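Number of protein chains: 4
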Amino acid sequence: MATKEEIINFLKTDFPQAKCIVEKVGEQSSIVKQQIGFEQMRPGGTVAGPVLMAVADYALYVAILGEIGIVSLTVTTNMTINFMRKPISTKAIIGECNLLKVGKTLVVGEVSLYSEGDPKPVAHVVGTYSIPPKKNQLC
Amino acid sequence: MATKEEIINFLKTDFPQAKCIVEKVGEQSSIVKQQIGFEQMRPGGTVAGPVLMAVADYALYVAILGEIGIVSLTVTTNMTINFMRKPISTKAIIGECNLLKVGKTLVVGEVSLYSEGDPKPVAHVVGTYSIPPKKNQLC
Amino acid sequence: MATKEEIINFLKTDFPQAKCIVEKVGEQSSIVKQQIGFEQMRPGGTVAGPVLMAVADYALYVAILGEIGIVSLTVTTNMTINFMRKPISTKAIIGECNLLKVGKTLVVGEVSLYSEGDPKPVAHVVGTYSIPPKKNQLC
Amino acid sequence: MATKEEIINFLKTDFPQAKCIVEKVGEQSSIVKQQIGFEQMRPGGTVAGPVLMAVADYALYVAILGEIGIVSLTVTTNMTINFMRKPISTKAIIGECNLLKVGKTLVVGEVSLYSEGDPKPVAHVVGTYSIPPKKNQLC
Chain A
1 MATKEEIINF LKTDFPQAKC IVEKVGEQSS IVKQQIGFEQ MRPGGTVAGP
51 VLMAVADYAL YVAILGEIGI VSLTVTTNMT INFMRKPIST KAIIGECNLL
101 KVGKTLVVGE VSLYSEGDPK PVAHVVGTYS IPPKKNQLC
Chain B
1 MATKEEIINF LKTDFPQAKC IVEKVGEQSS IVKQQIGFEQ MRPGGTVAGP
51 VLMAVADYAL YVAILGEIGI VSLTVTTNMT INFMRKPIST KAIIGECNLL
101 KVGKTLVVGE VSLYSEGDPK PVAHVVGTYS IPPKKNQLC
Chain C
1 MATKEEIINF LKTDFPQAKC IVEKVGEQSS IVKQQIGFEQ MRPGGTVAGP
51 VLMAVADYAL YVAILGEIGI VSLTVTTNMT INFMRKPIST KAIIGECNLL
101 KVGKTLVVGE VSLYSEGDPK PVAHVVGTYS IPPKKNQLC
Chain D
1 MATKEEIINF LKTDFPQAKC IVEKVGEQSS IVKQQIGFEQ MRPGGTVAGP
51 VLMAVADYAL YVAILGEIGI VSLTVTTNMT INFMRKPIST KAIIGECNLL
101 KVGKTLVVGE VSLYSEGDPK PVAHVVGTYS IPPKKNQLC
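Chains as they are written, first to last, in the working numbering: chain A, 1 to 139; chain B, 1 to 139; chain C, 1 to 139; chain D, 1 to 139.
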């Protein structure tokens, strides 16, 4: 298992492109946050779908690192997103992840996405990550 | 229905954040292309998953505009992506979309994503778009 | 909105093929149960995947009827299932549904599926139902 | 790899509950068929969604057996189905499967489902199967 600090340090080097902030790493769970600016918007004054997917993907990755420790070659194998409400483009997006299954090779988790301050989710994601066999792990 | 030029002009104004290029608009289909740079990469020298989703989302949007004409409030309702092979970060990503159903309110399509020049898909997407009722359409 | 009794009576006539029992109809939620016999099994002494999907579909339908009232032409538009643990073929399958969004035309919900008595879910489903326009509703 | 006859014989013993017929086993592909009777119907004179999922699941299983040989513990890890048109309850359901990726541990495939004789698909499925490590395989 990895602490919030270890995960933040790892991601700073390993995944510098990510714009998300790690807010919390919990028991098979995480909370992450992404600020929204022009680049994250799409027509209609709302947040682009792929940005929501990116936040969900990041939340899953953080929750998995928190659970299995720092394993850099962990990859998403699939993801399903349902868009439910129009996010507000002036609010940050919050992703709350809960892992549903932590297997030896596959991890399944779900992420609820919110416009900060609004209790109704804007989108819901279920995703699967594949964990590489021990011998292929770099960290 | 809208031509490739009408779609390109519309998207230039409507969705300036998109980094994709419209390559082809066909019969219930489209081909789009995105160059990959540092911002589009993720750990492991590969392309970030959300970038693949963004390309797929764009390909779906373009194919739908080609089929139903310029309708700006069309939104994604859900999307499922399966990641199948590691994209090459030095190649552009190509998205080839085929619409499976064009209904009055829902459109379903699939997108195969490729690293340019490689015939084996790196990912596969199925997505649904919701078309707003005529009275709510802006264009 | 419809009560548990109204839903049970409606489904008895409307959907006699279903083998599920309605256990509870709550606030945007439901619990249903299906006994497992030889017909519901698959190789490996476990429950067939399509049976789990059928239980999830039923749980969604019941939760929606509880929320919007008896509307017979409501149909599933898509469903994603993740199989997480091997169900025990000697236990009933329990489906617990929560609706995530109740819109005018689309309802999104999730269902956790359990082998009765085991707190860890065997599968997780997210599904979307389409509600017909008022003028097309039979009930 | 396994032939159509080997697969039919294996499934007769291994999965006697299945009501599907194997029509064709091709290069990373399969065609299967299921007759529809009262038990397979749902309200509205149509085919129940879980029956379509069962046909898709079977088509995937058959295509995988055709590709990797008889491996009995192969299991579905996830499946996404989009329902696109109302199937006709007096026609058989045909499932046409193509594998998109055959990896060492995961296989991804898609299935188009048809009412026999109608060229427009009634539903579309993407699913992932997990192949057990060689040492755990029974056959």
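Note that these hints are calculated values from the structure, not bench results.
Each hint should be verified, as a subset may be incorrect.
In silico DSBU-like links for lysine-lysine, alpha-carbon gap of 30 Å or less [what the hints assert, rightly or not]: (1) D:K104 to B:K101; (2) C:K24 to C:K120; (3) D:K86 to C:K101; (4) A:K19 to C:K86; (5) A:K4 to B:K86; (6) D:K19 to C:K12; (7) B:K91 to A:K12; (8) B:K104 to D:K104; (9) D:K12 to C:K19; (10) C:K19 to D:K4; (11) D:K33 to A:K101; (12) D:K101 to B:K86; (13) A:K19 to B:K91; (14) C:K19 to D:K33; (15) A:K104 to B:K86; (16) C:K19 to A:K120; (17) B:K101 to D:K12; (18) D:K91 to C:K19; (19) C:K12 to A:K101; (20) D:K104 to D:K24; (21) A:K101 to B:K4; (22) C:K101 to A:K86; (23) A:K4 to C:K120; (24) B:K120 to A:K86; (25) B:K104 to B:K24; (26) A:K24 to C:K101; (27) A:K24 to B:K4; (28) D:K4 to C:K86; (29) C:K33 to D:K86; (30) B:K91 to A:K86; (31) D:K19 to C:K33; (32) A:K19 to B:K33; (33) C:K101 to A:K120; (34) D:K86 to B:K104.
Every value quoted in this text rests on a predicted model; they were computed, and no experiment measured them.
Evaluated hints:
1. D:K104 to B:K101: 33 Å, violated
2. C:K24 to C:K120: 20 Å, holds
3. D:K86 to C:K101: With Cα atoms ~24 Å apart, K86 of chain D and K101 of chain C stay inside 30 Å; holds.
4. A:K19 to C:K86: This hinted pair is violated, its Cα atoms lying about 38 Å apart.
5. A:K4 to B:K86: Status holds; Cα separation ~28 Å.
6. D:K19 to C:K12: 25 Å, holds
7. B:K91 to A:K12: Distance of about 25 Å is within 30 Å: holds.
8. B:K104 to D:K104: Between K104 of chain B and K104 of chain D the Cα gap is close to 42 Å, so the pair fails against 30 Å, i.e. violated.
9. D:K12 to C:K19: 25 Å, holds
10. C:K19 to D:K4: Given that 30 Å is the threshold and the Cα spacing comes to 33 Å, the pair is violated.
11. D:K33 to A:K101: 34 Å, violated
12. D:K101 to B:K86: Roughly 12 Å separates the two Cα atoms, so the pair holds.
13. A:K19 to B:K91: Roughly 23 Å separates the two Cα atoms, so the pair holds.
14. C:K19 to D:K33: 24 Å, holds
15. A:K104 to B:K86: Answer holds: K104 of chain A to K86 of chain B is near 21 Å, not above 30 Å.
16. C:K19 to A:K120: 34 Å, violated
17. B:K101 to D:K12: 35 Å, violated
18. D:K91 to C:K19: With a Cα-Cα distance of about 23 Å, the restraint between K91 of chain D and K19 of chain C holds, given a limit of 30 Å.
19. C:K12 to A:K101: Violated, because 35 Å separates the two Cα atoms, which is more than 30 Å.
20. D:K104 to D:K24: With Cα atoms ~24 Å apart, K104 of chain D and K24 of chain D stay inside 30 Å; holds.
21. A:K101 to B:K4: 45 Å, violated
22. C:K101 to A:K86: With Cα atoms ~12 Å apart, K101 of chain C and K86 of chain A stay inside 30 Å; holds.
23. A:K4 to C:K120: Roughly 26 Å between the alpha carbons, so the hint for K4 of chain A and K120 of chain C holds.
24. B:K120 to A:K86: 35 Å, violated
25. B:K104 to B:K24: 24 Å, holds
26. A:K24 to C:K101: Distance ~26 Å between K24 of chain A and K101 of chain C Cα, so the pair holds.
27. A:K24 to B:K4: 45 Å, violated
28. D:K4 to C:K86: 28 Å, holds
29. C:K33 to D:K86: 27 Å, holds
30. B:K91 to A:K86: Between K91 of chain B and K86 of chain A the Cα gap is close to 33 Å, so the pair fails against 30 Å, i.e. violated.
31. D:K19 to C:K33: 24 Å, holds
32. A:K19 to B:K33: 24 Å, holds
33. C:K101 to A:K120: 9 Å, holds
34. D:K86 to B:K104: The given pair, whose Cα atoms are some 15 Å apart, holds under the 30 Å limit.
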